[in-house]
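Undergrad: Chain by chain, the residues:
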Amino acid sequence: MNGLYEVDLTVNGKNYQRAVDPRLLLSDFLRHELNLTGTHVGCEHGVCGACTVLLDGQPIRSCLMFAVQANGHEIMTVEGLGTQEKLHPLQAAFVEAHGLQCGFCTPGILMTLLPFLESNPDPDEAEIRHAISGNLCRCTGYQHIVDAVKIASEKLSP
Amino acid sequence: MKPAPFDYYAPTSIEEALSLLARYGYDAKALAGGQSLIPMMNFRLAQPAVLIDLNNIPDLSFIRGDEGGGLRLGAMTRHAQVEHDPLIAERTPLIFETMPKIATPQIRSRGTFGGSISHADPSAELVAVSVILDGLFRLRSQTGHRWVPAKEFFIGMFTTQLEPDELLTEIAFPPMQPRSGWALMEIARRPHDFALVGVAVVVNLDDENRCYNARIGLLSVGDGPVEANRAAEALIGQAPTSEPIKAAAEIAATEDIDPSSDIHASAGYRRHLVKVLTRRALELAFERASSIPS
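Chains as they are written, first to last, in this note's numbering: chain A, 1 to 158; chain B, 159 to 452.
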């Protein structure tokens, strides 16, 4: 079966229907079809973590999945996290701790950390470093990212 | 677009997937979690004409115990599910301990047990672990099915006994023998990266505290999973003290392997790592076996 495939999916709470080529990666679908360019594309072979999004609440690499496979599923990207006016507490913590410099890796790191902090509300440093080990950052040396996660875990804990 | 064009099928039953495999054979690739296949397609190292997506077949995803105390896994069971399953912890603690060491959290969300086995990467943890746990793989085709022991399934680098019309549908592990100890240790440049060397061990102690069974599986030291058989043999009948453990680690590093050098590590360094990790893994495994009363 060649040609285009109908997909019906939810991204950041909004329903979308599109016809896609099966070889279109989910990362490219989000950026080029839906104009959600917050999801960054780095290595495109599953090493850098920049394209991490949530699929039904689980962090995944959107460059290692085809858009057609997201049919019927729920995706969350960094655009679903906060707005410029009202940052999500996790984003605010990154600002506070200088957890980013160039910002290229940041969306993927935020989307990795969101489910992590939900299941580990009070992580220690080793757990934090373990959690972000699938995300490469070439600016910060990670220390300020770890600091940001600590701040976020305090803000987010009830 | 990164990958080359392909025809896409998303069967919803095993029978439908088998009929597609029978029809397209060598032209088709089965898509499991896609965490190895899709990178290869993005690089165009793999250009299957037909992609058969297994992600919509619920019958391929399960974890259940069998009556004899063994374990059954559906091939499409995701790593993240295996990682947190209490039955895995109880019946195959070596697998339970292995899961968090496989790739990154994002990859474990998608990657599947059967996908890792079928891909047969010599540096994959589950490949070596399946061999030393005497895993059995059920391969189904439209004309029948066969159970293949892990030891015979892996032929070489990315090469298995799977025929083009066959699908790995289920993995079985026998129950643990009495007084089992286990461990998996590996060294990688970065956490979750491919291991330069990894060592998985299972040992068993008898009533007199002597080793009656030992299995040592090595990763990243050959074209497939490598068993350190001579080292394991040297442990039989021995008390789990430091001398025989050291001797076995030495045998594993010298007689049981013929590692190659690459940009990641030299052959000499790999031998060194095999020696150190085998010793440490055996120490931990024997400690665990000893803590179980006879």
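No wet-lab data here; the hints were simulated from the structure. Computed from a predicted model, the values in this text were never measured in an experiment. Warning: the hint list may mix true and false statements.
Between beta-carbon pairs, the in silico distance windows are [to be verified]: (1) Asp364/B x Asp122/A: 26 to 34 Å; (2) Glu408/B x Pro121/A: 40 to 48 Å; (3) Pro336/B x Gln143/A: 21 to 29 Å; (4) Gly314/B x Asp122/A: 40 to 48 Å; (5) Asp122/A x Ile394/B: 30 to 38 Å; (6) Arg304/B x Gln58/A: 30 to 38 Å; (7) His32/A x Glu413/B: 54 to 62 Å; (8) Gln84/A x Asp420/B: 42 to 50 Å.
Virtual Cβ for every residue (Gly too), placed ideally from N, Cα, C.
Undergrad: Each of the hints needs a verdict: does it hold here or not?
TA: Checked hints:
1. Between Asp364/B and Asp122/A the C-beta distance comes to about 45 Å, which lies outside the given range of 26 to 34 Å.
2. Here the CB-CB span from Glu408/B to Pro121/A is close to 47 Å, well matched to the stated 40 to 48 Å.
3. Between Pro336/B and Gln143/A the Cβ separation comes to about 48 Å, which falls outside the hinted range of 21 to 29 Å.
4. In this structure, Gly314/B and Asp122/A meet the distance hint of 40 to 48 Å, their C-beta atoms being roughly 47 Å apart.
5. Separation of Asp122/A from Ile394/B is about 47 Å and departs from the stated range, judged on CB atoms against 30 to 38 Å.
6. Checking the proposed 30 to 38 Å range against Arg304/B and Gln58/A shows it holds: the Cβ atoms sit about 34 Å from each other.
7. Take His32/A and Glu413/B: their Cβ atoms lie about 56 Å apart, and the range 54 to 62 Å holds.
8. Evaluation of the 42 to 50 Å hint for Gln84/A and Asp420/B yields a pass: the beta carbon distance comes to about 47 Å.
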